[in-house]
Amino acid sequence: MAAKLRIQDGNPIWLSASIVPSKDLVVSPNSSPTLATVKVGSADVFVYVKVENTGTVDLGGCTCTATGAWTAPTAFANFLGNTTATQTQTQAGVTFSAAPINDSLSGAGINVSFGSVATGRRAWAWSPDGRYFAYVASPNGSDWSLTVVALQPITRSNGTTVAKGQTAVSGNGIFAGMNAASWWNNGNFSWAGSHAVLAHGIYAGGPGLSLALMCPEAPSPGSWGDLMPSFPGQVDWAFLVSPCGTMVAFAPKRLNATAPPQDFFQVSTAKATTTTFRKNNASTSVSSTGANVSITTTAHAANGVTIGTGNGTTTTVDDPECTVVGGGITVRVDRVKASTLPTANLGVLAVGTATLGILKVGASAWVQVPNQNGWANQSETHWCLLAQAYTADGTTVPRAWNGQAASPPAFPVALENCAQRNIQINP
Amino acid sequence: MAMHRFKVNVPNPTDRAAVVQLRLEPGKLTGLAEFPRGDKRGPLKVVAAGLALDPCAESGRAELKLRIGARDSVDVYAIVTTAASSRPAATGFHVIDRRGGKDVGGVFVVCAEPTLADTVASVVPARRPCPAELVDLFAVAPGAEPLPTNAVAVAPGDAVDLVALVRAGQALKDMQIYLEHLGAGNAEFTAATWNLGHIPKGTVVPARWALQTSGWQTGVFRASLVAMAGGFDPTRLGGDYAIGPRKRVAARR
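As you go down the protein sequences, you meet chains R and C in turn.
For the first sequence, the working numbering begins at 47 and goes up steadily by one.
For the second sequence, the working numbering begins at 507 and goes up steadily by one.
I should point out that these hints are in silico values taken from the structure, not numbers from a laboratory.
Among these hints, one or two may not hold up.
[As the list claims (entries may be wrong)] The list that follows gives simulated cross-link-like pairs (lysine-lysine, DSS-like), each with its CA atoms no further than 30 Å apart:
| hint | chain 1 | residue 1 | chain 2 | residue 2 |
| --- | --- | --- | --- | --- |
| 1 | C | K707 | R | K85 |
| 2 | C | K551 | R | K85 |
| 3 | R | K85 | R | K210 |
| 4 | R | K325 | R | K299 |
| 5 | C | K608 | R | K85 |
| 6 | R | K325 | C | K707 |
| 7 | C | K546 | C | K608 |
| 8 | R | K50 | C | K679 |
| 9 | C | K707 | R | K406 |
| 10 | C | K679 | R | K85 |
| 11 | R | K325 | C | K608 |
| 12 | C | K571 | R | K406 |
| 13 | C | K571 | C | K608 |
| 14 | R | K50 | C | K608 |
[As the list claims (entries may be wrong)] Computed footprint of chain R on chain C; a stretch qualifies when at least three of its residues, placed anywhere within it, have a C-beta under 8 Å from a C-beta of chain R:
| hint | stretch |
| --- | --- |
| 15 | 507-514 |
| 16 | 565-576 |
[What the hints assert, rightly or not] Examples of chain C residues lying across from chain R (beta carbon under 8 Å, computed):
| hint | residue |
| --- | --- |
| 17 | P519 |
| 18 | L559 |
| 19 | E686 |
| 20 | V732 |
All values reported here derive from a predicted model rather than from experimental measurement.
Glycine is no exception: its CB is placed at the ideal position from the N, C-alpha and C atoms.
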């Protein structure tokens, strides 16, 4: 899977036909413009740049392709409740060892010591995708302390990184329980997809349901928590994970007609914050009507999610995973005075930038780049337009050149996603 | 006769001195075929052409060999003398830069008699334009509901959400829309594509983009949005937005 963008070079290289200054108003990015004369005072000349996706992955679209019913989290499979038990598990070269003195996680580049557990009460699980290991232990019985360890380098949603073998997120709390029989166990902790660990239990300080979501890919601190009112026998909660695991929904099950209505809500695992349901991009709320609640993604678009509110009634909301997809492709054009090499030694002037939303494999589009700085020619009629295309995330296809940096190097015209064209800017 | 003189910079961006061989070659007619539409020209007769280091030279040599110091550059002059022409005519030359036995770069210079005329803009239609219409473009406070009643004026330095209300002219499948650019304005926006799905005919749907204006620029600028739907060509929708006065930034397509 390779991500590649191309702006076709010219023959000779300084006359790329994929960079066209034009006054045309081209209705469709599928159509090509015609060349315009550029004058110093021109205010209506765009630079059209033809960008091609020559890689093997679509760029700019929704990366989540899975649809279907939102599913229940997977409870931790492993639990020990006393100090004398020992256990060893290995997965993909990483070994977890539970021992009376010290629990540990080890493997290539991973050496984590969890210490000894006074109560012996601990639970653990690998994430379904194998990228994380979650471990929870209790010093006193009803309290819990959870750690999620990254088993490979992780990039969080805000671009920060977590090194292999480091703690990606942690959390703690206290659930109700007076003795070992009523304290928490592995059933209180579950992997919500592979992007969050859900902890839920009866609140220790009074009536209520204590909820926490630890999200290793959210910006620090990466955890969300709330205390929900408790209506025993009237309202229960279903936890539902979106097809690509970027949302965890909390769906109230109304167990009888007299139960108070409660609203559905959802937490983003990329942000560890609640996210409003939206319908046609406007905020909306969804209340439970019965016990048979469900959520199903039918399309990654507005109104692409169907919520069963409990009594057979359904409503649609915008898909929170992909109704809006950030990023796309950035096309940037700069210009330099005519020079046999596209160097920056005579200074670089920015022309403008534009965005191409989506570009599928093998497709091309003419991007309309506005001139944001005018066409002053500094008494030199011959100039060279320098165009580059890169993905807005800065990593999939990196930006090749920053002409606005201090002492920029020569424009890397040899790169596939860079091209140049000589133009005249007449007085 | 007319003399055309072009200054061409020859740089050496490396840390070592470079030996550069420059030569002047006529441009192929195919290279001249992309003159602005309607500007039909015949070939311009060339009397003499050459390269020189002297900015006042009236002639030059077909080839020039230079030694350029590290991180230095030299200006050379391409001098082309052409015969008078009773018809609009043009010719072109490549100044080719050869280093280490390879052509590594160059410049294309154009001699035109008379000077190239200003181009007239035209609309290049789409074969099957997406029947979507931009009915309103306005700003709201970040995170505010995308309703016209929430529209706010935009002042320099503001962070707002730019909202586009788009109406489907007919039932559309798999509709998408993205903001291509903000025209000559220097505000920055967070690029995103909205997947609006299936839209019934006549339905108006909102899309929004976070926008950060600069601290000093004011004016009215024309944004470009691109609407896409199954069975149609992607289609640009233009809309004006204003930065400056404290009034609603109403705009029409």
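How the hints compare with the structure:
Between K707 (chain C) and K85 (chain R) the alpha-carbon distance is near 44 Å, which puts this suggested pair outside the 30 Å criterion. Distance hint between K551 (chain C) and K85 (chain R) is fulfilled; the C-alpha atoms sit about 25 Å from each other, no more than 30 Å. The hinted pair formed by K85 (chain R) and K210 (chain R) fails the criterion: a straight-line CA distance of about 56 Å is larger than 30 Å. Note on K325 (chain R) and K299 (chain R): the hinted pairing holds, with a Cα-Cα distance of about 22 Å set against a maximum of 30 Å.
For the suggested pair K608 (chain C) and K85 (chain R), the alpha carbons sit about 34 Å apart, so the restraint of at most 30 Å is broken. Our distance criterion of 30 Å between C-alpha atoms is met by K325 (chain R) and K707 (chain C), whose separation comes to about 18 Å. The suggested pairing of K546 (chain C) with K608 (chain C) is violated, with an alpha-carbon distance near 35 Å, which exceeds 30 Å. The hinted pair formed by K50 (chain R) and K679 (chain C) meets the criterion: a straight-line CA distance of about 28 Å does not exceed 30 Å.
Restraint check: the Cα-Cα separation between K707 (chain C) and K406 (chain R) comes to about 27 Å, which is no more than 30 Å; the hinted pair holds. For the suggested pair K679 (chain C) and K85 (chain R), the alpha carbons sit about 43 Å apart, so the restraint of at most 30 Å is broken. Between the alpha carbons of K325 (chain R) and K608 (chain C) the distance comes to roughly 60 Å, so the proposed pair goes past 30 Å and is violated. For the given pair, K571 (chain C) sits about 47 Å from K406 (chain R) by alpha-carbon distance, which is inconsistent with the 30 Å threshold.
For the given pair, K571 (chain C) sits about 14 Å from K608 (chain C) by alpha-carbon distance, which is consistent with the 30 Å threshold. Under the criterion of a C-alpha separation no larger than 30 Å, the hint pairing K50 (chain R) with K608 (chain C) is consistent with the structure, at around 27 Å. Only when three residues or more bring their CB closer than 8 Å to a CB of chain R does the claim for the stretch 507-514 of chain C stand; here the count is 3, and the claim holds. With a cut-off of 8 Å between beta carbons, the stretch 565-576 of chain C has 0 residues touching chain R; three or more are needed, and the interface restraint is violated.
Interface hint at P519 (chain C): satisfied, since its Cβ lies 5 Å from the closest Cβ of chain R, which is below the 8 Å cut-off. Nearest Cβ of chain R to the Cβ of L559 (chain C): about 14 Å, over the 8 Å cut. The hint is violated. Hint on E686 (chain C) holds. Least Cβ distance to chain R is approximately 5 Å, under the 8 Å limit. With 8 Å as the threshold, the beta carbon of V732 (chain C) comes within range of chain R, its nearest partner Cβ sitting at about 6 Å, so the hint holds.
Violated hints for the displayed structure, listed by number in ascending order: 1, 3, 5, 7, 10, 11, 12, 16, 18.
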